[in-house]
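Visitor: Please build the complete structure, drawing on both the sequences and the hints.
So that you can map any letter, position 286 of the sequence shown is 286 in the numbering used here, and since no number is skipped, the others follow by simple counting.
Since the hints were derived computationally from the structure, they do not count as laboratory data. Possibly wrong hints are sitting among the right ones.
Cross-link-like lysine-lysine pairs, in silico, DSS-like; alpha carbons within 25 Å at most [said to hold, decoys possible]: (1) 43 with 21; (2) 66 with 43; (3) 21 with 66; (4) 160 with 202.
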Amino acid sequence: MTLRLRAELELQIAPDGSGGKVFDPFLGRTITLGPTGAALVGKIDGTRDPDQLLADLIGAGYARDKIEDTLRCLTLLHAIDGIGDGVRARMASIWAGETELVYRALPEARFACQGSGMCCQSYRLGPVTAEEVAAVSALPVREAFPDLPEGELFVVRDDKHYLRSVATGCVFLQDGHLCRLHARFGEHAKPEMCRTYPAGIKLTFEAAVVYNNQQCSEHFVSQAAGPPLIESASLLRQRRTGQVVLFHPIVFLREDTPVDYAHFLELERVLRDVLGQGAPFRQLAHALDVYDSFITVARSFPLGTDPAAAFAQWRGSVATQPSGPASHGRDFEWDEVLAMLSALILELETALVELDPASVDHDMVPLITELLPGMELLRRRATERAGTGLTPSGELAAALRTSLAQRFQGPLSLPADRPLSAIGEAALSIAAAFACASLRGRPGDVATLGRGHALANRVLPTFTTPMFRKHPERVRALVTVLDRLCA
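Guide: Take a look at the structure:
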């Protein structure tokens with residue numbers, strides 16, 4: 001089979017052949033090339049099959065392994081004519097208004113507000129639209145609530161509107177953790193962000209995916225109570241106006257293994273299946289094995305073929321349960337976890353000092369302050385290297401399984417386009433949940449775990465996403481010792 005680059009791709013090759021770029025105008029993304037890639041793309045012109053491409057470039061002095069890697073990367077990113085046509089055709093149909101996205105959530109996903117008020121007390125209160133600001137401002141709020149503080153009820157930060165925060169949280173929060181606007185004027189008087197929280201929506205070429213952002217302080221209770229999460233779609237649908245923007249990034253399985261988002265969705269589905277059953281901590285470790293096996297396929301499928309076929313075959317062969325004995329933390333893994341926790345604590349302490357009071361991120365200060373003692377407890381446990389691990393069972397295990405499976409549905413599954421970071425952040429949020437619950441005297445209590453879990457999901461990704469990208473070994477170390485960190 002002879003190979004040809006997609007006709008619409010735009011090439012920009014350095015005159016000296018040291019590198020270049022391939023711009024894909026359909027997806028609006030750029031593929032960066034090294035010397036091997038710069039030489040290769042000029043020969044993928046429909047006259048050569050993979051063997052001929054290899055022969056030509058090896059004869060010109062390029063290394064075989066680099067040629068094969070580069071050709072696979074271009075194929076995985078749908079830069080080869082005929083590869084990924086179905087994905088692109090569906091995206092074009094969506095953009096043309098010919099295909100309507102179906103709203104989809106996981107069948108077991110639910111949400112019921114537990115009335116903790118944490119989302120109104122310590123989370124970023126916006127942004128809200130200018131129309132919502134005008135609608136609330138038009139209500140007789142001063143007459144209805146004479147004890148409202150003086151001044152504006154909304155603030156502007158970075159050209160965006162936010163509900164004003166006071167010492168107790170949102171300016172409209174009343175005693176009993178209830179919203180004044182909701183109580184006096186009805187639910188629809190609140191901004192849509194408040195009505196739909198913690199549900200969000202991610203538009204992909206497959207569906208309009210409704211997900212739980214896992215930042216509710218009662219997460220492990222609220223995720224299993226109330227109506228199906230998909231019912232939030234009726235409100236989320238109202239937010240969709242104008243051109244449909246589809247989430248479709250380049251996904252980096254490793255820094256040297258980029259794939260199209262359509263391929264990642266195969267991995268995401270399998271990770272949900274794995275994490276939704278069995279012993280949660282063992283399954284999280286097994287998820288790393290599954291992840292590695294997916295990378296093996298991405299780096300070895302036959303040249304000149306559609307990798308989608310290889311991934312489909314892989315999916316049918318994956319074992320959803322681990323077969324070997326559980327691994328226990330070795331000294332070098334504890335060293336990595338201790339280094340990770342020490343670095344995070346230092347960054348959090350630095351942020352408390354350096355965050356500008358006028359910055360939109362200053363709302364992180366109370367969250368960081370509350371999270372830090374739990375992080376310190378985890379560091380002490382990593383220093384002591386406890387020998388007995390926790391094996392969740394019953395209601396606790398079920399809550400963890402549900403949460404982990406739902407995590408691989410929305411943006412949490414792909415921080416900075418790197419799914420390995422998602423596994424690390426899932427493990428760390430669970431560790432923070434157990435640590436914070438321990439400090440409150442209720443270790444392992446399902447209803448108490450949500451607070452630390454929410455704090456970790458709200459605060460830590462800013463710091464952990466770049467760290468896990470730089471130190472992927474820390475993800476593996478953390479997952480290995482997770483049962484002992486949580487004990």
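Visitor: For each hint, tell me whether it holds in the structure or not.
Guide: Here is what the structure says about each hint:
1. 43 with 21: holds, 15 Å
2. 66 with 43: Given that 25 Å is the threshold and the Cα spacing comes to 15 Å, the pair holds.
3. 21 with 66: Distance of about 17 Å is within 25 Å: holds.
4. 160 with 202: Holds, at roughly 21 Å.
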